[in-house]
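Sequence lines, in order, name chains V and L. Under the numbering used here, the first residue of the first sequence carries the number 1, and numbering increases by one thereafter. Under the numbering used here, the first residue of the second sequence carries the number 1, and numbering increases by one thereafter.
FYI, nobody ran anything at the bench for these hints, they're computed from the structure. Beta carbons are placed, not taken as given, at the ideal position from N, Cα and C, and that holds for glycine. Please note: incorrect hints may appear among the correct ones.
Result set (EDC-like, lysine to aspartate or glutamate): computed pairs, CA atoms no more than 20 Å apart in a straight line [what the hints assert, rightly or not]:
{"hint": "1", "chain 1": "V", "residue 1": "Lys93", "chain 2": "L", "residue 2": "Asp441"}
{"hint": "2", "chain 1": "V", "residue 1": "Lys37", "chain 2": "L", "residue 2": "Asp403"}
{"hint": "3", "chain 1": "L", "residue 1": "Lys98", "chain 2": "V", "residue 2": "Glu92"}
{"hint": "4", "chain 1": "L", "residue 1": "Lys407", "chain 2": "L", "residue 2": "Asp441"}
{"hint": "5", "chain 1": "L", "residue 1": "Lys272", "chain 2": "L", "residue 2": "Asp184"}
{"hint": "6", "chain 1": "L", "residue 1": "Lys446", "chain 2": "V", "residue 2": "Glu106"}
{"hint": "7", "chain 1": "L", "residue 1": "Lys170", "chain 2": "L", "residue 2": "Asp403"}
{"hint": "8", "chain 1": "L", "residue 1": "Lys446", "chain 2": "V", "residue 2": "Glu92"}
{"hint": "9", "chain 1": "L", "residue 1": "Lys30", "chain 2": "L", "residue 2": "Asp87"}
{"hint": "10", "chain 1": "L", "residue 1": "Lys170", "chain 2": "V", "residue 2": "Asp99"}
{"hint": "11", "chain 1": "L", "residue 1": "Lys116", "chain 2": "V", "residue 2": "Glu92"}
{"hint": "12", "chain 1": "L", "residue 1": "Lys407", "chain 2": "V", "residue 2": "Glu129"}
{"hint": "13", "chain 1": "L", "residue 1": "Lys489", "chain 2": "L", "residue 2": "Glu370"}
{"hint": "14", "chain 1": "L", "residue 1": "Lys446", "chain 2": "V", "residue 2": "Glu129"}
{"hint": "15", "chain 1": "L", "residue 1": "Lys532", "chain 2": "L", "residue 2": "Glu585"}
Quick look at which bits of chain V chain L covers, simulated, 3 or more residues with Cβ under 8 Å [to be verified]:
{"hint": "16", "stretch": "53–62"}
{"hint": "17", "stretch": "88–100"}
Label-pair ranges, simulated between beta-carbon atoms [what the hints assert, rightly or not]:
{"hint": "18", "chain 1": "V", "residue 1": "Gly64", "chain 2": "L", "residue 2": "Gly73", "range": "46 to 54 Å"}
{"hint": "19", "chain 1": "L", "residue 1": "Lys272", "chain 2": "V", "residue 2": "Glu72", "range": "53 to 61 Å"}
{"hint": "20", "chain 1": "L", "residue 1": "Lys112", "chain 2": "V", "residue 2": "Pro91", "range": "54 to 62 Å"}
{"hint": "21", "chain 1": "V", "residue 1": "Pro91", "chain 2": "L", "residue 2": "Gly73", "range": "20 to 28 Å"}
{"hint": "22", "chain 1": "V", "residue 1": "Asp109", "chain 2": "L", "residue 2": "Lys210", "range": "47 to 55 Å"}
{"hint": "23", "chain 1": "V", "residue 1": "Glu72", "chain 2": "L", "residue 2": "Pro220", "range": "48 to 56 Å"}
{"hint": "24", "chain 1": "L", "residue 1": "Ala451", "chain 2": "V", "residue 2": "Asp109", "range": "19 to 27 Å"}
{"hint": "25", "chain 1": "V", "residue 1": "Ser85", "chain 2": "L", "residue 2": "Asp118", "range": "14 to 22 Å"}
{"hint": "26", "chain 1": "L", "residue 1": "Arg244", "chain 2": "V", "residue 2": "Ser85", "range": "43 to 51 Å"}
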Amino acid sequence: MKKTQFVAGIAFVLVALSPGYAVAADGKPYKVAGGNKVDKVTLEGWRTWRALACERCHGARQEGMVGPSLIESLRRLSKDEFKGSVLKGRPEKGMPNFDGSKMVTENIDGLYAYLKGRADGAIQPGRLEELK
Amino acid sequence: MASKRTYKWGVLFGLAALPGLALANPEVIKLTGDSKNWAMQAGNMQNQRYSALKQINKDNVKDLKVAWTFSTGVLRGHEGGPLVIGDMLYVHSPFPNKVFAISLADQQIKWKYEPKQDPTVIPVMCCDTVNRGVAYADGKIFLQQADTNLVALDAKTGKEVWKVKNGDPKKGETNTNAPHVFKDKVITGISGGEFGVRGYLAAYDIKTGKQVWKGYSTGPDAEMLMDPDKTMTWTDGKMAPVGRDSSLKSWQGDQWKIGGGTTWGWFSYDPKLNLLYYGSGNPSTWNPVQRPGDNKWSMTIWARDVDTGQTKWVYQMTPHDEWDFDGVNEMILADGINVKGKPRNVLVHFDRNGFGYTMDRATGELLVAEKFDPTVNWATHVDMKTGRPQVVKQYSTQAQGADVNTKGVCPAALGTKDQQPAAYNPANKLFYVPTNHVCMDYEPFKVEYTAGQPYVGATLSMYPPPKSHGGMGNFIVWDAGTGKIVKSKPEKFSVWSGALVTAGGIACYGTLEGYVKCVDANDISKELYKFKTASGIIGNLNTWEYKGKQYIGVLSGIGGWAGIGLAAGLEKDTDGLGAVGGYRELKNYTELGGVLTVFVLP
Numbered sequence: 001m002k003k004t005q006f007v008a009g010i011a012f013v014l015v016a017l018s019p020g021y022a023v024a025a026d027g028k029p030y031k032v033a034g035g036n037k038v039d040k041v042t043l044e045g046w047r048t049w050r051a052l053a054c055e056r057c058h059g060a061r062q063e064g065m066v067g068p069s070l071i072e073s074l075r076r077l078s079k080d081e082f083k084g085s086v087l088k089g090r091p092e093k094g095m096p097n098f099d100g101s102k103m104v105t106e107n108i109d110g111l112y113a114y115l116k117g118r119a120d121g122a123i124q125p126g127r128l129e130e131l132k
Numbered sequence: 001m002a003s004k005r006t007y008k009w010g011v012l013f014g015l016a017a018l019p020g021l022a023l024a025n026p027e028v029i030k031l032t033g034d035s036k037n038w039a040m041q042a043g044n045m046q047n048q049r050y051s052a053l054k055q056i057n058k059d060n061v062k063d064l065k066v067a068w069t070f071s072t073g074v075l076r077g078h079e080g081g082p083l084v085i086g087d088m089l090y091v092h093s094p095f096p097n098k099v100f101a102i103s104l105a106d107q108q109i110k111w112k113y114e115p116k117q118d119p120t121v122i123p124v125m126c127c128d129t130v131n132r133g134v135a136y137a138d139g140k141i142f143l144q145q146a147d148t149n150l151v152a153l154d155a156k157t158g159k160e161v162w163k164v165k166n167g168d169p170k171k172g173e174t175n176t177n178a179p180h181v182f183k184d185k186v187i188t189g190i191s192g193g194e195f196g197v198r199g200y201l202a203a204y205d206i207k208t209g210k211q212v213w214k215g216y217s218t219g220p221d222a223e224m225l226m227d228p229d230k231t232m233t234w235t236d237g238k239m240a241p242v243g244r245d246s247s248l249k250s251w252q253g254d255q256w257k258i259g260g261g262t263t264w265g266w267f268s269y270d271p272k273l274n275l276l277y278y279g280s281g282n283p284s285t286w287n288p289v290q291r292p293g294d295n296k297w298s299m300t301i302w303a304r305d306v307d308t309g310q311t312k313w314v315y316q317m318t319p320h321d322e323w324d325f326d327g328v329n330e331m332i333l334a335d336g337i338n339v340k341g342k343p344r345n346v347l348v349h350f351d352r353n354g355f356g357y358t359m360d361r362a363t364g365e366l367l368v369a370e371k372f373d374p375t376v377n378w379a380t381h382v383d384m385k386t387g388r389p390q391v392v393k394q395y396s397t398q399a400q401g402a403d404v405n406t407k408g409v410c411p412a413a414l415g416t417k418d419q420q421p422a423a424y425n426p427a428n429k430l431f432y433v434p435t436n437h438v439c440m441d442y443e444p445f446k447v448e449y450t451a452g453q454p455y456v457g458a459t460l461s462m463y464p465p466p467k468s469h470g471g472m473g474n475f476i477v478w479d480a481g482t483g484k485i486v487k488s489k490p491e492k493f494s495v496w497s498g499a500l501v502t503a504g505g506i507a508c509y510g511t512l513e514g515y516v517k518c519v520d521a522n523d524i525s526k527e528l529y530k531f532k533t534a535s536g537i538i539g540n541l542n543t544w545e546y547k548g549k550q551y552i553g554v555l556s557g558i559g560g561w562a563g564i565g566l567a568a569g570l571e572k573d574t575d576g577l578g579a580v581g582g583y584r585e586l587k588n589y590t591e592l593g594g595v596l597t598v599f600v601l602p
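With the hints as extra help, turn the sequences into a complete structure.
Below, the structure written as structure tokens:
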């Protein structure tokens, strides 16, 4: 029992520290300038969003259509919950599992960063370019 | 003895030579021949959406009142419409594909069928979870479920008689089309052009559900049910055999296996020729750079023998599609259309690509190919010798290339007309066509294929044509003999509802705001009746007679590509929002919800 708590404690510390390398100084998982220039990881996330045609269910502006609004979902979901939903799907609600897609599994962090940026209002809908 | 035998054979041969008369399902022919019924989704096997009923006419249509309404209890897009056979009405819903049998005497639900379907098919469906309705024959109601199960229900009880799986949703195969019964077969197609599905048409025995034949849109000749020497196509101004491997030669490598050409439209049938007609859809992906070649036989008009599935003739409208000009729209069969001074028995097709085609339906000869919206700009014209559209480089997404946004292409991907079926008026030999009036920017990009996952590869923005009336639709009258627009009535939104034309001199259609409109068939600019239904209309107008009264019915329920797309997904994200006010405005008119509204004179 104690051991479990100890492990969980370490995990918590790691999670709390991990943004240090993956995230910009302001604590956001993306870097953005002018609303449409983003870091490479986030750009690949957008490309993944586009290639898997997520807008067919979630809307071109992530506002929700057959599927829920991701603007709202991303304000509520933890990153792990987000990853679980995308990779394992929510079959009972009609969300397919994307763990069979190489592009999604390789770019899941970028996809999260992109959608978080959309939910925060920091990234514009539509075409993005790489921030150099 | 010998002479007697010869005589017998002579009789048999005679019967075989008239297959339409001798073997066509006499029940359905009889039912559709009586205007009191609306026994097929298009009213008859020729896809005409015409009724000889004339109690409701151009003088009294202004007095129409709502007789009764019925909620399907389902949201999302409601395409198709009810069937009426005798004193029963059969109406369907989108996913989960409920079917209701309603008694016309008292509007009681006699039976209800609701299949259990895996909800994971929902995200595999392209443009909303629509279903275009049921078919009737042989005491059975046929339902083509989203999950590809084709079900025959006892028309009296709603009990399953047989059920057969037509495709595999795990590969992206789903169904939205209405099944069609021709002779003793129920014909169905497949959806999934955006998931790399290899399209096909299949025929099942109405008694048992056993598959009789299946013909693919792409691949080896045998699997397409093509005979290289006997299947004909328009070549250098005349009909000629397609030759060996006509599809395989038009694709790079194995791409035909995930090449699209799906078949989710409306089918028609000529009993005398024993031919069934339909169109195949877009090649997969939407990125043309990734699939060199003509991509045969996507985007093609097909004529197949109903009994064997063998292909009599084909005509590819949009070789090597670069815009998603899906070729599935209905083929309307009409007789005695005057083409260059000669009466012809033709097939008329209003394609997504903006051209209205008139073909000799027996031979497959190309007679007319003209724009049915003057804003169509991706091609200057169709070369009548080669049959090929002459593509304008500025609007060629292939020429502009991947990761380039090709701007100002008209029409948009949803076409000058999508699935919303047109009507044919035999009284004046003119066609009444619900159309879209929308242009687009189209940016193709590279995609990789994973079974069961979207294989689209293009981002689009859509908007009304610049320098036009500002709306996104027209209701037009078309002369298929000359290829000319007779009259065009502008609409604020795409007209995504199937038209009806009657001997009462009226043409009726629905609008995305939710109006049912009836106009004077001789002058469609004269709006004679207008009523706002519960939701936007993407369903089709049907009519029938019960106990001496004529009724007109329509399914409301906004959704489909038009409804969802226009309302939510089509804003120009990077270019400012000025041009797109029209789309957003749909939200000011309508909300989701499936309701059947039935009209009658007081």
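Violations among the numbered hints: 1, 7, 8, 18, 20
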